[in-house]
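There are 2 protein chains.
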Amino acid sequence: MARWEPNARERLERAALALFTEHGYDATTVAEIADRAGLSKSTFFRHYADKREVLFGGQNALADRFSEAIRATAPSATIGACLAAALESAAPAFTSARHGLALQRRAIIAANSELQERELLKRAGLCSAVADALRARGADDTTARLAAELGILAFGTAFARWATPENQQPYAEIAHTALRDLQACAAALGAEPDIRA
Amino acid sequence: MARWEPNARERLERAALALFTEHGYDATTVAEIADRAGLSKSTFFRHYADKREVLFGGQNALADRFSEAIRATAPSATIGACLAAALESAAPAFTSARHGLALQRRAIIAANSELQERELLKRAGLCSAVADALRARGADDTTARLAAELGILAFGTAFARWATPENQQPYAEIAHTALRDLQACAAALGAEPDIRA
Chain A
1 MARWEPNARE
11 RLERAALALF
21 TEHGYDATTV
31 AEIADRAGLS
41 KSTFFRHYAD
51 KREVLFGGQN
61 ALADRFSEAI
71 RATAPSATIG
81 ACLAAALESA
91 APAFTSARHG
101 LALQRRAIIA
111 ANSELQEREL
121 LKRAGLCSAV
131 ADALRARGAD
141 DTTARLAAEL
151 GILAFGTAFA
161 RWATPENQQP
171 YAEIAHTALR
181 DLQACAAALG
191 AEPDIRA
Chain B
198 MARWEPNARE
208 RLERAALALF
218 TEHGYDATTV
228 AEIADRAGLS
238 KSTFFRHYAD
248 KREVLFGGQN
258 ALADRFSEAI
268 RATAPSATIG
278 ACLAAALESA
288 APAFTSARHG
298 LALQRRAIIA
308 ANSELQEREL
318 LKRAGLCSAV
328 ADALRARGAD
338 DTTARLAAEL
348 GILAFGTAFA
358 RWATPENQQP
368 YAEIAHTALR
378 DLQACAAALG
388 AEPDIRA
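Residue numbers (our numbering), protein chains in the order written: chain A, 1 to 197; chain B, 198 to 394.
Chain A on its own, in the form it takes in the complex (with noise of 0.2 Å):
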């Protein structure tokens, strides 16, 4: 039987971006990251698919987390507070103890084009998630795309922000921040005259 082993997942996840930020993300196997993380192969394999999803593996966390928090919003909650609760059950994935973690993942997938498509990928899956969490509630096809978009874009910006190396704010103050932003120019672009001008 094997052995409980305290921490493992966060072991192997600090053990795997050490690695990849060392010898790039192509170049290390499963058993590099075990052996660095004072762990077996097979103790990877309980925690992880493969290596790919030491870095992936919270976006499949995410979209849940974010369907999970619309649905939980009052049925009188406006599409933006539906957004902003969305946004903010994110933040116990960024918190300060993760902020360098997040900025290696950051750099490893900037490094890699196959790995920035992944990200792409995933942010789209993000994305639908959160339209589908918005028509669950009752909002019409439109307004839920558009919404998601707005909510995925608020998002990202506030992650980039976030993860830079001078960064001192909490994640959920610049969340609240950038979907405000975005919100107004929603507002600044529907409030064109005609948008055929």
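Heads up, a few of these hints could be off.
As a list, the in silico DSSO-like pairs of lysine-lysine whose alpha-carbon atoms are at most 27 Å apart [said to hold, decoys possible]:
hint	chain 1	residue 1	chain 2	residue 2
1	B	Lys238	B	Lys248
2	A	Lys122	B	Lys238
3	B	Lys248	A	Lys122
4	A	Lys122	A	Lys51
5	B	Lys319	B	Lys248
6	A	Lys51	B	Lys319
7	A	Lys41	A	Lys51
Hints are computed from structural coordinates only; laboratory data are not their basis.
With chain A fixed as given, assemble chain B onto it according to the hints.
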């Protein structure tokens, strides 16, 4: 020296879409496409880098059209007018003569998850092209990103409506309506009293 073949590009496209429909995308080879079109493999490769480009080459051309249309608008044009110009610039690709090809292409992509991913990535590329073109004419970053998402959402909606078997309406009209609907949605989202209500 290779002979000049009239309409070779379109003959190859029609042959490829027919074969992808009949046998599936993965099972179809470039040799079979060339053969069905009555052309040589080397003629195929003068027109397309590979069989995937038959499906996605048009989207690279579209990104250029969108950028060029936005660049060509008057300096006083609103963001909405820029988006309308971009969407209208795609009309020559969506004529009634190409309606059947578009239906085939949609069904081929819907049947293959790898092609669906490629389509999502191409969508992201179109969005970046529009955002870049808007920034180049002075839009701030937040506005450029949101307007690009709105424009590409309008484009995607318009294309999906146009490429249905029963559709008789011209693409440009459908695109105009889709853009106006999204503008109205943006106004409604922007007008919410407080996004964190």
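Are lysine 319/B and lysine 248/B close enough, with their CA atoms no more than 27 Å apart? Holds, at about 16 Å.
Hinted pair, alpha-carbon criterion (27 Å max): lysine 248/B, lysine 122/A. Please report holds or violated. holds, 26 Å
Is the straight-line distance between the alpha-carbon of lysine 51/A and that of lysine 319/B 27 Å or less? holds, 26 Å
Straight-line alpha-carbon gap lysine 238/B to lysine 248/B, limit 27 Å: holds, 11 Å
Taking 27 Å as the top limit, are the C-alpha atoms of lysine 122/A and lysine 51/A close enough? At roughly 16 Å apart (the allowed maximum being 27 Å), lysine 51/A and lysine 122/A satisfy the hint.
Is the Cα-Cα distance between lysine 41/A and lysine 51/A 27 Å or less? holds, 11 Å
Pairwise hint evaluation, lysine 238/B against lysine 122/A, where the allowed Cα distance is 27 Å at most: violated, 37 Å
Comparing the model with each earlier hint shows a violation of hint 2 alone; every other hint is respected.
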